[in-house]
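Use these hints to put chain B with the ligands onto chain A, whose structure you have.
Read off the chains here:
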Amino acid sequence: MRPADLAAEAFAGLVARPARVLLTVLGTVIGIGALVATLGLSKTAGSQIVGHFDELSATDVVVSPSARAGGAGAAVLPWDAEARLRRLNGVAAAGTLADVDVRGALVRSVPINDPLAAGAVQLPMKAASPGAFRAVHAELAAGRLFDEGHSRRADRVLVLGPNAARRLGITRVDQQPAVFVGDRLYAVIGMLSAVSRQASLLGAAIMPEGTARREFGLRAPALAQVETRLGAVDLIVRQAPVALSPGDPGLLKVAAPPDPRELRGEVRNDLDALFLLLGGVSLLVGAIGIANVTLVSVLERVGEIGLRRALGAARRHIAAQFLLESAAMGLAGGIVGASAGTLVIVGVSASRTWTPVLDPWVPLGAPVVGALIGLLSGTYPSLRAAWLEPVEALRSGT
Amino acid sequence: MRHLTPHPDADVAPGAPSHDGRRLVADDAPPEVPAVALQGLGRVFGADPPVVALRGVDLVLERGTSLAILGPSGSGKSTLLNVLGCLDRQTCGTYRLDGIDVGGLSDGERAVLRAQRIGFVFQTFNLLAHRPVIENVMLAEVYRGTARDGRHERALRALERVGMTHRAGFLPTRLSGGEQQRVAIARALLGDPTIMLCDEPTGNLDSVNTRSVLALFDELGALGLTVVIVTHEDEVAAHAARRVRIIDGELSEDGA
Ligand SMILES: Nc1ncnc2c1ncn2[C@@H]1O[C@H](COP(=O)(O)OP(=O)(O)OP(=O)(O)O)[C@@H](O)[C@H]1O
Ligand SMILES: [Mg+2]
Chain A
1 MRPADLAAEA
11 FAGLVARPAR
21 VLLTVLGTVI
31 GIGALVATLG
41 LSKTAGSQIV
51 GHFDELSATD
61 VVVSPSARAG
71 GAGAAVLPWD
81 AEARLRRLNG
91 VAAAGTLADV
101 DVRGALVRSV
111 PINDPLAAGA
121 VQLPMKAASP
131 GAFRAVHAEL
141 AAGRLFDEGH
151 SRRADRVLVL
161 GPNAARRLGI
171 TRVDQQPAVF
181 VGDRLYAVIG
191 MLSAVSRQAS
201 LLGAAIMPEG
211 TARREFGLRA
221 PALAQVETRL
231 GAVDLIVRQA
241 PVALSPGDPG
251 LLKVAAPPDP
261 RELRGEVRND
271 LDALFLLLGG
281 VSLLVGAIGI
291 ANVTLVSVLE
301 RVGEIGLRRA
311 LGAARRHIAA
321 QFLLESAAMG
331 LAGGIVGASA
341 GTLVIVGVSA
351 SRTWTPVLDP
361 WVPLGAPVVG
371 ALIGLLSGTY
381 PSLRAAWLEP
391 VEALRSGT
Chain B
399 MRHLTPHPDA
409 DVAPGAPSHD
419 GRRLVADDAP
429 PEVPAVALQG
439 LGRVFGADPP
449 VVALRGVDLV
459 LERGTSLAIL
469 GPSGSGKSTL
479 LNVLGCLDRQ
489 TCGTYRLDGI
499 DVGGLSDGER
509 AVLRAQRIGF
519 VFQTFNLLAH
529 RPVIENVMLA
539 EVYRGTARDG
549 RHERALRALE
559 RVGMTHRAGF
569 LPTRLSGGEQ
579 QRVAIARALL
589 GDPTIMLCDE
599 PTGNLDSVNT
609 RSVLALFDEL
619 GALGLTVVIV
629 THEDEVAAHA
639 ARRVRIIDGE
649 LSEDGA
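Those sequence lines, one after another, are chains A and B. So in the numbering used here, spot 393 of the first sequence is number 393, and the numbers just go up one at a time. So the numbering used here is basically just the index in the second sequence, starting at one, shifted up by 398.
The shape of chain A in the complex, shown without the other chains:
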């Protein structure tokens, strides 16, 4: 039997009873439509939130050595981490930070500058790559930041966090203030007023990485702070460890904000579950409907089955025809249901001025699901049709 003939016979079998087919397909249409609309609407609603979500935390990625690598102190991050990260598409700013072990050295301001200044204080000392300031949204109160040149030459320069400056009694930098770190003199070239990330910088004195390497034997950056572009977090979370430690990305751990869609998703989950359940139930009802109608149709068409057997149909031809008829009903239900569901998504989005978002596999997969349901529902009736004895079947007439 030719496939075209099989298709034509199945099609003819369906159009012979159009009203019944339409009613049968309705169950699948409703089921598939509800599923598509639910999946699409939750996706659409979830995507809207990204825009309103706190942009700062939605773009914050921190890479540091993993526990396997030995934790915070391990020398895993390369010195050129900043350059490597900035090459990644989706990185808006990046820089590295480290705590500098000054071996107990105290910091004191040079008295010439301000006779009223406090004595020696113990200040947390940090090393930063030049890009780190942008990555933490550092705001400059006075002076300037250090750059690549300072680091390369290992210049003894410092940028002070606002709290550190206050403790040292330094309020302005236009007169080139200097401080002693232990017995070494450092020029203060800038003061920060605020940072949005890495708040520990507020109380620290920050020197270029190159200086920390030469003066205090810093072995490696302790962490890399990344600011991603909006929506690129997932991408950077995947790519950053590979870019920084190609040999063994597992040596690095990545701290990233939770997916805002998931956050909001939890809120919506109850509603979604209800609709998915509803869709599933209508789909089940649809499947039972197809099974029922196909069975009725088989019983009604016993004579036709007998005739087809007499004309030379083998059992498998009979089974194939009824299977194809039920699968076609499921497919039609899937197509119409997916279209209806998509229209619902677009309609709801329009009324709320949302941008409709739908995974492409939802509308594409829906007809496949429909066809599978039809196929499954048609299995038992088709086998019954195929196992009719031709003589018995013929006796019942058409």
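No wet-lab data here; the hints were simulated from the structure. Among these hints, one or two may not hold up.
One side of the interface only, derived from the structure: several residues of chain A facing chain B at Cβ under 7 Å [as the list claims (entries may be wrong)]:
1) P3
2) D5
3) L14
4) A310
5) L311
6) G312
7) L388
8) P390
Derived Cβ-Cβ restraints for the label pairs, each shown as a range [stated by the list, open to error]:
9) B:D499 / A:V15: 38 to 48 Å
10) B:E460 / A:L23: 51 to 61 Å
11) A:A4 / B:H528: 15 to 25 Å
12) B:S504 / A:V296: 30 to 40 Å
Since this is a predicted model, take the numbers as computed values, not measurements. The C-beta atom is built at its ideal place from N, Cα and C for all residues, glycine as well.
Relative to chain A, chain B with the ligands alone:
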């Protein structure tokens, strides 16, 4: 298409075209091989108690002859026809169609035989009510696997042979009983089967329609078609070249 090999006993020779140039017998069976050969054929239904519907039936049907099977109700006529049509299996004996031993074939192979070598005409016409006449006739080729090209034309020619071309686009429900049976005969004719099996073909027809259908059988018989007609009416049987009678499952040549 025909992948069934004839029985080794069969003497394979080129197919015989009929006198009007149309192929009326299977192309792979030589004219010397009878269309149908039954030997000691029996059919028993059930076991508790067994119903013997056919016993020891011997019958050789040459190509181009028409045979009427007569007999009272319940004598086994339909049973014999179903076995001849490969719709039912005998419980003993052998049946050769075109020299092929049908008894040893699988269900699928018998379906192929039905598609290619057997045409059926039923008492109840068995036309699909929702399909136009022409499609009902074309259905005969669907399970034969013939090309779809030209099927419409072949079906039209079959309708022409029964004088029904003017009703090609009608639904069967709009035809008279006699017209419906002519369409059913056209369907059975499509593809020139080895035998055409008719179970009470005039059983549902009034006398006028019966006469027109019988006239059609006469025409087809004159063209050399091999036809088996089951009937219990002597008037119908009289149109056949040869008559046999079944009583209680036993077949005998009709002496009358
Ligand atoms: N499937 C079956 N199971 C059991 N017995 C059967 C079956 N089919 C037929 N028979 C029996 O076999 C016998 C012959 O039946 P068949 O139908 O061949 O008769 P028939 O000659 O065609 O009769 P009618 O003229 O009434 O059509 C009957 O006694 C019938 O009861
Ligand atoms: Mg009968």
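Okay, the hints, checked on the actual structure:
1. This hint is violated: P3 of chain A has a C-beta 11 Å from the nearest C-beta of chain B, more than the 7 Å allowed.
2. For D5 of chain A, the suggested interface contact is upheld, since its CB lies about 5 Å from the closest CB of chain B, less than 7 Å.
3. Interface restraint check: L14 of chain A against chain B, minimum CB-CB distance 10 Å, threshold 7 Å, status violated.
4. At a threshold of 7 Å, the smallest CB-CB gap from A310 of chain A to chain B is about 5 Å, leaving the interface hint in force.
5. Interface restraint check: L311 of chain A against chain B, minimum CB-CB distance 5 Å, threshold 7 Å, status holds.
6. Among the interface hints, the one on G312 of chain A holds; its C-beta lies about 2 Å from the nearest C-beta in chain B, closer than the 7 Å criterion.
7. Checking L388 of chain A against chain B by beta carbon gives a least distance of about 12 Å; that is not within 7 Å, so the hint is violated.
8. Taking 7 Å as the C-beta cut-off, the interface hint given for P390 of chain A holds, the closest approach to chain B being about 5 Å.
9. The hinted window of 38 to 48 Å between D499 of chain B and V15 of chain A holds, with their beta carbons roughly 42 Å apart.
10. Checked against the hint of 51 to 61 Å, the pair E460 of chain B and L23 of chain A passes, with Cβ atoms roughly 55 Å apart.
11. Range check, A4 of chain A to H528 of chain B: Cβ separation about 20 Å, and the 15 to 25 Å hint holds.
12. Remark: the range hint 30 to 40 Å for S504 of chain B to V296 of chain A is upheld by a beta-carbon distance near 31 Å.
This entry does not satisfy hints 1, 3 and 7, going by the numbered hints stated previously.
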